[in-house]
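Protein chains in written order, with our numbering: chain F, 1 to 456; chain W, 457 to 944.
Misleading hints may appear alongside valid ones.
Here are the in silico distance ranges between beta carbons for each label pair [said to hold, decoys possible]: (1) W/763 / F/17: 51 to 61 Å; (2) W/878 / F/302: 28 to 38 Å; (3) W/649 / F/203: 46 to 56 Å; (4) W/649 / F/35: 21 to 31 Å; (5) F/8 / W/878: 34 to 44 Å; (6) F/56 / W/483: 30 to 40 Å; (7) F/200 / W/482: 40 to 50 Å; (8) F/56 / W/763: 17 to 27 Å; (9) F/392 / W/771: 22 to 32 Å; (10) F/392 / W/464: 57 to 67 Å; (11) F/397 / W/772: 13 to 23 Å; (12) W/907 / F/19: 54 to 64 Å.
It is worth saying that the hints were derived from the structure and are not from the lab. Just so it is clear, the structure is predicted and the values come from calculations on it, not from any experiment. All residues carry an ideal CB built from backbone N, CA and C; glycine is no exception.
Take a look at the letters that make up each chain.
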Amino acid sequence: MAYLFNTPDEQREMLQAIGIESIEQLFETIPADIRLSSDLNIPAAMGELELTQHMSGLAAENADARSLTCFLGAGSYDHFIPAVVDAISSRGEFYTSYTPYQPEVSQGNLQAMFEYQTLICQLTGMDVSNASLYDGGSSAAEAAMMSISVTRRSKKIVVPETLHPEYRAILETYLLNLGTQIETVSCPQGVLDVAALEAVIDRDTACVLIQYPNFFGQIERVSEIAEVVHGAGALLVAAIDPISMGLLQRPGDLGVDIVVAEGQALGNPMSYGGPYLGIMACREKFVRRLPGRIAGQTVDRRGKRCWVLTLQTREQHIRRDKATSNICTNQGLFALRASIYLAAIGPQGLQSVADLSLKKAHYAAEQLTDSDRFERRFSGPFFKEFVIRDRQNQVEPLLREMSESGFLAGIALARWYPELEDCFLVAVTEKRTRNEIDRWSALMTGTVQLEAASHA
Amino acid sequence: MRNRQATQLMFELSRPGRQAARLPECDVPGSSTEDLIPSEYLAEAPPALPELAEPDVVRHFTNLSTLNMSVDTHFYPLGSCTMKYNPKRNERIAGMDGMAHLHPYQPDETVQGMLKLLYELQSDLAEISGLPVVSLQPAAGAQGELCALMVAAAYFRSIGERRTKVLSPDSAHGTNPASARMVGFETLTIKSTDEGYVDMQDLESKLDDEVAVFMITNPSTLGLFDQQVNEIAEKVHARGGLIYLDGANMNAILGITRPGDFGADMMHYNPHKTFSGPHGGGGPGAGPICVGAKLAPFLPSPMVAQSEDGYFLDYDRPQSIGRVRSFFGNVGVLVRAYAYIRSHGPDGLREVSENAVLNANYLRSRVKHFLPVPHGESCMHEFVATATDLKKDRQVTAMDIAKRLLDYGFHAPTVYFPLTVPECLMIEPTETESKESMDAFAETLFRVTEEPADLLHEAPHTTTVSRPDEVRAARQPIMKWSATTGEG
Chain F
1 MAYLFNTPDE QREMLQAIGI ESIEQLFETI PADIRLSSDL NIPAAMGELE
51 LTQHMSGLAA ENADARSLTC FLGAGSYDHF IPAVVDAISS RGEFYTSYTP
101 YQPEVSQGNL QAMFEYQTLI CQLTGMDVSN ASLYDGGSSA AEAAMMSISV
151 TRRSKKIVVP ETLHPEYRAI LETYLLNLGT QIETVSCPQG VLDVAALEAV
201 IDRDTACVLI QYPNFFGQIE RVSEIAEVVH GAGALLVAAI DPISMGLLQR
251 PGDLGVDIVV AEGQALGNPM SYGGPYLGIM ACREKFVRRL PGRIAGQTVD
301 RRGKRCWVLT LQTREQHIRR DKATSNICTN QGLFALRASI YLAAIGPQGL
351 QSVADLSLKK AHYAAEQLTD SDRFERRFSG PFFKEFVIRD RQNQVEPLLR
401 EMSESGFLAG IALARWYPEL EDCFLVAVTE KRTRNEIDRW SALMTGTVQL
451 EAASHA
Chain W
457 MRNRQATQLM FELSRPGRQA ARLPECDVPG SSTEDLIPSE YLAEAPPALP
507 ELAEPDVVRH FTNLSTLNMS VDTHFYPLGS CTMKYNPKRN ERIAGMDGMA
557 HLHPYQPDET VQGMLKLLYE LQSDLAEISG LPVVSLQPAA GAQGELCALM
607 VAAAYFRSIG ERRTKVLSPD SAHGTNPASA RMVGFETLTI KSTDEGYVDM
657 QDLESKLDDE VAVFMITNPS TLGLFDQQVN EIAEKVHARG GLIYLDGANM
707 NAILGITRPG DFGADMMHYN PHKTFSGPHG GGGPGAGPIC VGAKLAPFLP
757 SPMVAQSEDG YFLDYDRPQS IGRVRSFFGN VGVLVRAYAY IRSHGPDGLR
807 EVSENAVLNA NYLRSRVKHF LPVPHGESCM HEFVATATDL KKDRQVTAMD
857 IAKRLLDYGF HAPTVYFPLT VPECLMIEPT ETESKESMDA FAETLFRVTE
907 EPADLLHEAP HTTTVSRPDE VRAARQPIMK WSATTGEG
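Put together the whole structure using the sequences plus the hints.
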């Protein structure tokens, strides 16, 4: 095997040093009746060349976002990734190291974690960030559990329908066994109605979990929501799109208590859904309830500034069943990628990405709704995503034909929202050119014939 | 030569007006930003991120990277973490356009290659575990545990049983009891015997009809295979409970024995360990779980399935617990695991475990003479030595030894875990380490145990920092840079 060292001679020497005859003897502590008597039934080994050809073959059976033009979003976005992100994160010293249990030989990772935490605080306006969780959805669940712990209210949490349906599904899965009810507020206008929220929130509510901009791309009225939430003594959790922070007011300035986010957009490929990174930041006073690793600044025995993992008494390896969460391994490499991305892009760059996405999304929406067939389903301000209603109610066939014509044109909403069966969600990033948008809208509106339609 | 200026923070390097990445001019006609979004929603200025030129960014992070030990640069015998070599080819494969640039909501017909890969990975993981049905969704081992316990809870609900307790041994990873609590279970600890195995008497005294799951790590965190495992499973099953296998130590038993064949009803893998992840400085991992047939309906959705028309994501699973994370899973990690399994095949995987166990036993045979290994006559993929004698005789601790090893260019073993062995060092060489490096490590370790206590208490001496003040970090936490705390 390519990755093994031991030659047969060395194996013999080692067995002799151990004082046994054969490798089989090493496994004699495993009872014979449970030892496998035949080979595993998996395909035979491939050499590197064969493997590469095999994997290229599988990759070729996928139509990726370089061969199809991507207008899909809903939490995973085709944003531009500067080359420095891959160049640096592919250094073996970063990706083949592990959790910094020995700070003296992990200062690179620890300092990068500390920088990441700072960047997330700058981005969100929050006081404290952890060093990442798994992804946006499970971070939302962690935030709900953290809210229950902070408020000591375990009876219910409130979410609007404008929160990502998968996040709501994750919350249900996480909270089911803890007996916490999830009250879902319907949002016929595509944003959370503050009066509707007031009607359901009460003194048993641990938190309200909103999305900003929301699942439909619309911008919630966060300050007003915060007022109602705090009036009931609950916490406000917001799941944000980090790119939108280039333009929009920061949740920390709007009264949000805990921010979570899907960090994929910050320099990470879409990778069919993962790995991504879960961003989580909160007010200083909640820090001892925050799950996950945290890097902290200190000095070493010679007085030199350095970094360590800190507040570890929150964590499972110390507190076991009393820990704030069971999380152990997080998404170190993807937090690093997010840091490199933010460092490379800077404040002006982030503003440009957000502004380009905003303007192109609005241009795309205008182009499409110029036709009689399409309209925006919801009014009100939106960022880089929007919901389109197909008056002909032919969403599935339309999207299928578009994909055959080279476009990932949108995401049908029927599977999550039966009442929106004639609607789909469109996302536009800074990567989409005017040509791509024009062609997409021309195909959609029928001013150019769909290629697939010709052989129908 | 290491760049000694590497430790400035990126915020201290920032100069107004610098910017590494440049974006294009807007090519679509239309309104100004303020016409598209009411000003009340807009921030006055973008976040105050640092401003750096591209060479700044590259030099900063490259220099930071040199402050890490890693598998690519050092022997990294961190017990329980399986720090094996991460094949370069697998990194390239995961980065291929047709793998890395797929949107999770693309239509199934546009991702048939990916779905085929994931489907085959499900089959391979089932075969290697001896448990037939697999969910690739969990994002890490700990989330796999959590998810499997949720599956167990759903199963017991479906048969109308209310079971409230989860048992785990005192040598278990902290994630076991922490996961159980997050699913609302009461957690009970089972003692280990002096030999390091599950104390059957203690188990029987705690085993009743309220026990949902016994979580066992086998091989254990002591690096021992508990031969009672069949008997344990029989006893737990007889009371209607389930066995969960913490698959952290699968690197010892690939192709040799299978959890499904020794009584496990469910388990997780750590592909970033067993199937060479890599570890990424602390993630991403993945935590696929495998279960027996009766638990399969409760696994999270979607799963990859196959029909006449090809592969598809199956959401039509009415008894499913739902979801534990967004989208499909940590696919990039799973692609590497698939590539690893394909490049090894059945013989190769068995050789991996054989050599992992051979290496561990060889190193054990060299170390045990000066650092006693209290448990077992031999070990599986790792062993746990103890410095209790050194501490008693010369006040030299496991931590001192760990720190001094860093001076000699070795990453330290895991120390002070498992909790059942005082002053312990948990050593896992893995199969991708040579006899020479293990010899050098053993010789160095011996030399360290002979060094003066005062020298060891202040070790390491050659690293850029030494013995950070962790108490200060926790008592006066500084968790982000600000202009006022910048100077340390």
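Evaluated hints:
no.: 1; hint: W/763 / F/17: 51 to 61 Å; verdict: 55 Å, holds
no.: 2; hint: W/878 / F/302: 28 to 38 Å; verdict: 30 Å, holds
no.: 3; hint: W/649 / F/203: 46 to 56 Å; verdict: 51 Å, holds
no.: 4; hint: W/649 / F/35: 21 to 31 Å; verdict: 23 Å, holds
no.: 5; hint: F/8 / W/878: 34 to 44 Å; verdict: 40 Å, holds
no.: 6; hint: F/56 / W/483: 30 to 40 Å; verdict: 34 Å, holds
no.: 7; hint: F/200 / W/482: 40 to 50 Å; verdict: 42 Å, holds
no.: 8; hint: F/56 / W/763: 17 to 27 Å; verdict: 26 Å, holds
no.: 9; hint: F/392 / W/771: 22 to 32 Å; verdict: 26 Å, holds
no.: 10; hint: F/392 / W/464: 57 to 67 Å; verdict: 60 Å, holds
no.: 11; hint: F/397 / W/772: 13 to 23 Å; verdict: 21 Å, holds
no.: 12; hint: W/907 / F/19: 54 to 64 Å; verdict: 29 Å, violated
Going down the numbered hints, you'll see the structure goes against just number 12.
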